[in-house]
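Number of protein chains: 2
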Amino acid sequence: MRIILAKSAGFCFGVKRATRMAFDATEEHDHLSSLGPIIHSPQLVRQLEEKGVRVVDEVPPAGDGAVIIRSHGVTRGEMEKIARRQLEVVDATCPFVKKAQEFAAELSADGYHLVLVGEEEHPEVQGIVSYGEEGRVSVVANPEAAEQLPRSSKIGVIAQTTQSFDNFNAIVGVCLRKAKEVRVYNTICDATSVRQQEAKSLAARVDLMLVVGGHNSANTTRLAVICRELQDNTRHIETADDLEPGWLEGVETVGLTAGASTPSWLIEQVVARLETLAGT
Amino acid sequence: MRIILAKSAGFCFGVKRATRMAFDATEEHDHLSSLGPIIHSPQLVRQLEEKGVRVVDEVPPAGDGAVIIRSHGVTRGEMEKIARRQLEVVDATCPFVKKAQEFAAELSADGYHLVLVGEEEHPEVQGIVSYGEEGRVSVVANPEAAEQLPRSSKIGVIAQTTQSFDNFNAIVGVCLRKAKEVRVYNTICDATSVRQQEAKSLAARVDLMLVVGGHNSANTTRLAVICRELQDNTRHIETADDLEPGWLEGVETVGLTAGASTPSWLIEQVVARLETLAGT
Ligand code: F3S
Ligand code: F3S
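Taken in order, these protein sequences are the chains called C and H. Quick note: the first sequence uses my numbering, first residue 631, plus one each step. Quick note: the second sequence uses my numbering, first residue 631, plus one each step.
Derived DSBU-like pairs: lysine-lysine, alpha-carbon spacing no greater than 35 Å straight-line:
hint: 1; chain 1: H; residue 1: Lys729; chain 2: C; residue 2: Lys810
hint: 2; chain 1: C; residue 1: Lys808; chain 2: H; residue 2: Lys728
hint: 3; chain 1: C; residue 1: Lys808; chain 2: H; residue 2: Lys830
hint: 4; chain 1: C; residue 1: Lys784; chain 2: H; residue 2: Lys810
hint: 5; chain 1: C; residue 1: Lys810; chain 2: H; residue 2: Lys784
hint: 6; chain 1: H; residue 1: Lys784; chain 2: C; residue 2: Lys830
hint: 7; chain 1: H; residue 1: Lys646; chain 2: C; residue 2: Lys784
hint: 8; chain 1: C; residue 1: Lys729; chain 2: H; residue 2: Lys784
hint: 9; chain 1: C; residue 1: Lys646; chain 2: H; residue 2: Lys810
hint: 10; chain 1: H; residue 1: Lys830; chain 2: C; residue 2: Lys784
hint: 11; chain 1: H; residue 1: Lys810; chain 2: C; residue 2: Lys810
hint: 12; chain 1: H; residue 1: Lys637; chain 2: C; residue 2: Lys810
hint: 13; chain 1: C; residue 1: Lys808; chain 2: H; residue 2: Lys784
hint: 14; chain 1: H; residue 1: Lys810; chain 2: C; residue 2: Lys729
hint: 15; chain 1: H; residue 1: Lys810; chain 2: C; residue 2: Lys830
hint: 16; chain 1: H; residue 1: Lys810; chain 2: C; residue 2: Lys728
hint: 17; chain 1: H; residue 1: Lys808; chain 2: C; residue 2: Lys646
hint: 18; chain 1: H; residue 1: Lys808; chain 2: C; residue 2: Lys808
hint: 19; chain 1: C; residue 1: Lys808; chain 2: H; residue 2: Lys810
hint: 20; chain 1: H; residue 1: Lys808; chain 2: C; residue 2: Lys728
hint: 21; chain 1: H; residue 1: Lys637; chain 2: C; residue 2: Lys808
hint: 22; chain 1: H; residue 1: Lys637; chain 2: C; residue 2: Lys784
hint: 23; chain 1: H; residue 1: Lys784; chain 2: C; residue 2: Lys728
hint: 24; chain 1: C; residue 1: Lys784; chain 2: H; residue 2: Lys729
hint: 25; chain 1: C; residue 1: Lys830; chain 2: H; residue 2: Lys808
hint: 26; chain 1: H; residue 1: Lys830; chain 2: H; residue 2: Lys646
hint: 27; chain 1: C; residue 1: Lys784; chain 2: H; residue 2: Lys784
hint: 28; chain 1: H; residue 1: Lys729; chain 2: H; residue 2: Lys808
hint: 29; chain 1: H; residue 1: Lys681; chain 2: H; residue 2: Lys728
hint: 30; chain 1: C; residue 1: Lys808; chain 2: H; residue 2: Lys646
hint: 31; chain 1: H; residue 1: Lys808; chain 2: C; residue 2: Lys784
hint: 32; chain 1: C; residue 1: Lys637; chain 2: H; residue 2: Lys784
Hints were generated in silico from the structure; no laboratory data involved.
So that you can see chain C by itself, here it is in the shape it has in the complex (with noise of 0.2 Å):
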């Protein structure tokens, strides 16, 4: 039996990028923080916790040892109160979020009206629209809130990470109409639709998929129904135990995916679990 794991399987660039710096961090410093939780893992933030780092929701005050910052960013107004209190900082915001963070802050500086294409409560879109000026930002999930946009000489448009690029170019479209200039900066990650279409060509060509994530995880489950639709033979599992056997009977090639939020032990323990029951 053959077994194919997505490249693009688990976490993203950013967020083994943030979960390296986190354990390195662990190594260097005795008393650590982290400004809200590192990334959407639950196991993940108890692997942390048993090595000393406290999540925390307010920056914690001056000599209270070291803030981690998670990979989608904290807002410019909590990096200056780090700043003040002189704590010493172990920045783990995705190279992409910092990026949209510069360009809100260029384009604003600019006198652009800066629009921000993404979900108002996400804490990435409230670290990157702190970096503009106040009054002169909006947050827009679609195209129908995009028509509510004031007219204005010049409009800058940026957008959250991880949203569609279908949503994003509907916006700039409806923003053609609203400023003479329109400033426009892709900031979406591909890393969501990259480990998608990779799925989607895995699923295709081998007779098991298996998706690995938590239940409760949108992205996870999102992976699955992708799948299924071009693999009947799709399962979605949550750790390695949730095998069965009997899946495997008459397989000859097993493709292996994860979500966004899966720690690559996960993976890893079921990668284990199926050469065991091949018995290869």
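Here the structure of chain C is known, so what remains is to put chain H with the ligands in place on it, guided by the hints.
Quick look at chain H with the ligands alone, frame taken from chain C:
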């Protein structure tokens, strides 16, 4: 009988301005040439010829009087030649076209690959692209052509002033997939769409709609088609002589508009004849 003349009938702002500048120039200069016909109206070109304005294809030699630049502009190379030959210039380039030329120069100097939405053969387009850096400019007529654009780090998009917004919008959408940064200046002039909108609302509320302009003028014919959709009783005429008295029977209000290349005296003659026929 009431006659309602559309405010936007006939020449647009830029053509009116160029015409006025050309006639004013005939008072001041003995030796005058226009680099290409000033506007698309043969009647007007003839009138100017009678006042001594020769239409030339190339920049005249040094010492050859003054040169009129038509409303849709000329190329940077021609402008430089005129300067080198120290000819006097009557620059009747429409300010909106000039703006597009300036944006082309600015975007190109700032390192953007310049995309001009328009028709390659159009003189306005040739003028605008000449302000971009050679080898970094593409003229794109439709989204299919835009698909052939090379990937660039940044793309700047502008439009020929008479383009439709929908085509412009669709091409911007394609550009968003070709570059991470896209800067757009909407240089579309709304003279055409305003004229069409006004004609529509007029056609719907009169008993007879008259559209004045050459039968071989594409934009006048289009105007008549648009009016006919709302008013069966629409007539496309070239001059006041085409008016048939029978058309006015039982008519209480007459609407009147004219294509972009119809001179105002042709429109005035129609109004005068209407008044005579109605005995007002
Ligand atoms: S956190 Fe991940 S999804 Fe993209 S923006 Fe950074 S690589
Ligand atoms: S020539 Fe006329 S159509 Fe617009 S760009 Fe100038 S007013």
